Amino acid sequence: MRMAELYALNEKIVLGSLHFSADDIVRYARQFDPQPFHIDAEAARDSLFGGLCASGWHTCAGWMKTFVAFWSAEYARLKREGRTPPELGPSSGFRDLRWFRPVFTGDTITYSVTLLDAREHRSRTDRNLCTILCEGINQHGEPVIRFESTVLEFV
Amino acid sequence: MLSFKDFPVGRRFDFPPRTVTAEEIVTFAREFDPQPMHVDEAAGRASILGGLAASGWHTSAMMMRMLCDSYINQTAAEGSPGVSAMQWKRPVLAGDTLSGHCTVTEARLSRSRPEIGIVRFVANVVNQHGETVALCDYANMIRTEAPEAAAHAHG
Numbered sequence: 001m002r003m004a005e006l007y008a009l010n011e012k013i014v015l016g017s018l019h020f021s022a023d024d025i026v027r028y029a030r031q032f033d034p035q036p037f038h039i040d041a042e043a044a045r046d047s048l049f050g051g052l053c054a055s056g057w058h059t060c061a062g063w064m065k066t067f068v069a070f071w072s073a074e075y076a077r078l079k080r081e082g083r084t085p086p087e088l089g090p091s092s093g094f095r096d097l098r099w100f101r102p103v104f105t106g107d108t109i110t111y112s113v114t115l116l117d118a119r120e121h122r123s124r125t126d127r128n129l130c131t132i133l134c135e136g137i138n139q140h141g142e143p144v145i146r147f148e149s150t151v152l153e154f155v
Numbered sequence: 001m002l003s004f005k006d007f008p009v010g011r012r013f014d015f016p017p018r019t020v021t022a023e024e025i026v027t028f029a030r031e032f033d034p035q036p037m038h039v040d041e042a043a044g045r046a047s048i049l050g051g052l053a054a055s056g057w058h059t060s061a062m063m064m065r066m067l068c069d070s071y072i073n074q075t076a077a078e079g080s081p082g083v084s085a086m087q088w089k090r091p092v093l094a095g096d097t098l099s100g101h102c103t104v105t106e107a108r109l110s111r112s113r114p115e116i117g118i119v120r121f122v123a124n125v126v127n128q129h130g131e132t133v134a135l136c137d138y139a140n141m142i143r144t145e146a147p148e149a150a151a152h153a154h155g
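Listed in order, the protein sequences are those of chains E and C. So in my numbering, spot 55 of the first sequence is number 55, and the numbers just go up one at a time. So in my numbering, spot 135 of the second sequence is number 135, and the numbers just go up one at a time.
Just so you know, the hints here were simulated from the structure itself, not pulled from any lab data. Computed from a prediction, not measured in an experiment: that's the story for all the values here. All C-beta atoms in this analysis are idealised placements derived from N, C-alpha and C, irrespective of residue type, glycine included. Please note: incorrect hints may appear among the correct ones.
[As the list claims (entries may be wrong)] Once the Cα atoms are required to be at most 35 Å apart in a straight line, the calculated DSBU-like pairs of lysine-lysine come out as: (1) Lys79(E) - Lys65(E); (2) Lys5(C) - Lys65(E); (3) Lys79(E) - Lys89(C); (4) Lys12(E) - Lys5(C); (5) Lys5(C) - Lys89(C).
[To be verified] Quick look at which bits of chain C chain E covers, simulated, 3 or more residues with Cβ under 8 Å: (6) 5-16; (7) 73-81; (8) 96-110; (9) 121-127.
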């Protein structure tokens, strides 16, 4: 079966939540994004953000983490039900990514995905291109991130 | 410390080379993107990526580190509002050596915050064959005046 048969277009699917501890934030940032406001709580107070906050790329990686967990469970569920799950391939990237608000120490981000479009690949008849909207909101319901991505579906 | 005036259109910053190990790829993927082609050599070879391949979010994170090392850590930078487009053009495989550069494409003052400039860049991450693996159109917020050295001494 295909993604578009499984999920209605424009319907938001909640993937799961991820808690960002100070340790998580600093561990990621020391390796990949060692700016003062991501690794040093005191320095972060002097920044525009006003407090220790996660690298925006960490917030992105959190979306992927919850998506993979969600999709593994969906895949297993469909198999159990005797249905053929869609086979997803790699993504070629994303566009229109906005970091609306910082993800601060102790925040819990709830991620979602919305299927926006599914169409046949221009040159490969065995592939579909799915456009998805990826979003995250914090525990106050405020948006922190959004981006659109294109995912390959083998048909 | 570099401030907004140091980022005229056309200024280029080169990335220090970095070799990507299988261990790094697997460690990142186990935490954030545990799909078979990112955590298992044989599964990677069997996939359309052609080998143990870094998650696109890992490639993005490594690009971020290159931005930090090439200019952000010497800049009065205040984060990023977002990314217009990220293209993962080729897989990043275990053993690849990444380098590249970023170039300023636009620089303007923030309308709402006169002490902040918005600088847009294109980053081009290449592998050891000179092939682009990631192309990213993004923006940074940069202070028009670097703060007193003391304020950032611990950053």
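Next item on the list: Check each numbered hint against the structure and report the violated ones by number, ascending.
Entry: 2, 4, 6, 8 and 9
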